[in-house]
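Just so you know, the sequences run in chain order A and B. So in our numbering, the last one in the first sequence is 295, and the numbering has no gaps at all. So in our numbering, the last one in the second sequence is 115, and the numbering has no gaps at all.
I should point out that these hints are in silico values taken from the structure, not numbers from a laboratory. Remember, it's a predicted structure, so these values are computed and weren't measured experimentally. Just to be clear, a hint being listed does not mean it is correct.
Claimed, not checked - If the Cβ cut is set under 8 Å, some of the chain B residues that face chain A in the computed set are:
| no. | residue |
| --- | --- |
| 1 | S32 |
| 2 | A33 |
| 3 | Y35 |
| 4 | N36 |
| 5 | P44 |
| 6 | K46 |
| 7 | S50 |
| 8 | L51 |
| 9 | I54 |
| 10 | Y80 |
| 11 | A95 |
| 12 | F100 |
| 13 | N101 |
| 14 | K102 |
| 15 | F105 |
| 16 | S107 |
All C-beta atoms, glycine included, are put in the ideal place defined by N, C-alpha and C.
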Amino acid sequence: KAGVTQTPRYLIKTRGQQVTLSCSPISGHRSVSWYQQTPGQGLQFLFEYFSETQRNKGNFPGRFSGRQFSNSRSEMNVSTLELGDSALYLCASSLGWSPNTGELFFGEGSRLTVL
Amino acid sequence: KQEVTQIPAALSVPEGENLVLNCSFTDSAIYNLQWFRQDPGKGLTSLLLIQSSQREQTSGRLNASLDKSSGRSTLYIAASQPGDSATYLCAVGDNFNKFYFGSGTKLNVKP
């Protein structure tokens, strides 16, 4: 079956702009998590959505937001981009409910460059 | 707060060698532990998932063990190959579907 799909794969923006990234989870998965990966900070958790509700949230400023649709697809938005937002943004999906195995499956990521 | 540490940060070995990657965590109240592989610029590929009630999992040349009481997991790679070169990350999951990642071990297998 199809894996986790993220679009776009690469994008370049300038400071002050905003960006929207999309993630389609594996069919049947209801949990979608977002991570930011940078060389200096490693993988940092942004937020998790389950059944259209934000269930967990990391320590990122309010410029980072997300949502999930009824088909479990998720989008994340970053407003007023800063140079430090340049990163690989990874989406992961899982079944999401207890007592599931909790196994995470990742997409290929969206590489954002802010100039 | 759960903290996950992976040592060493980088490892270089000759082809054919057996090797062990380490992962330690501070809070033993985990739900599961998952090992991933990441190639440069790519997403994470799941290698092995160990539930908190399990002691180990095996897949091909890979074997992962879990010792909750000591807060440790190891990933054993047998007969390493150049294609195994990648960054290996471990992630600890809690009962609330939150996952905590280590910073990874960058493995280089020399031909």
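So, going through the hints one by one against the coordinates:
A hinted interface residue such as B/S32 counts as satisfied when its beta carbon comes closer than 8 Å to some beta carbon of chain A; here the least separation is about 17 Å, so the hint is violated. Restraint check, B/A33 versus chain A: the minimum CB separation of about 14 Å is more than 8 Å; hint violated. Interface restraint check: B/Y35 against chain A, minimum CB-CB distance 6 Å, threshold 8 Å, status holds. Residue-level restraint check for B/N36 holds (minimum Cβ-Cβ distance to chain A is 5 Å; threshold 8 Å).
At a threshold of 8 Å, the smallest CB-CB gap from B/P44 to chain A is about 10 Å, leaving the interface hint violated. Checking B/K46 against chain A: minimum C-beta separation of about 6 Å stays under 8 Å; hint holds. Checking B/S50 against chain A: minimum C-beta separation of about 6 Å stays under 8 Å; hint holds. The restraint placing B/L51 at the interface with chain A is violated, with a minimum CB-CB distance near 11 Å, outside the 8 Å limit.
For the restraint placing B/I54 at the interface with chain A, the shortest Cβ-Cβ distance is roughly 10 Å, beyond the 8 Å limit, so the hint is violated. With its C-beta approaching chain A no nearer than about 20 Å, B/Y80 sits outside the 8 Å limit, and its interface hint is violated. The closest approach between the C-beta of B/A95 and any C-beta of chain A is roughly 7 Å, which is under the 8 Å cut-off, so the hint is satisfied. At its closest, the beta carbon of B/F100 sits 7 Å from a beta carbon of chain A; the interface hint therefore holds under the 8 Å criterion.
Checking B/N101 against chain A by beta carbon gives a least distance of about 6 Å; that is within 8 Å, so the hint holds. For B/K102, the interface hint holds, since its Cβ comes within 8 Å of a Cβ in chain A; the closest pair sits about 5 Å apart. A least Cβ separation of about 4 Å between B/F105 and chain A falls short of the 8 Å threshold, and the interface hint therefore holds. Nearest Cβ of chain A to the Cβ of B/S107: about 4 Å, under the 8 Å cut. The hint holds.
Comparing the model with each earlier hint shows violations of hints 1, 2, 5, 8, 9 and 10; every other hint is respected.
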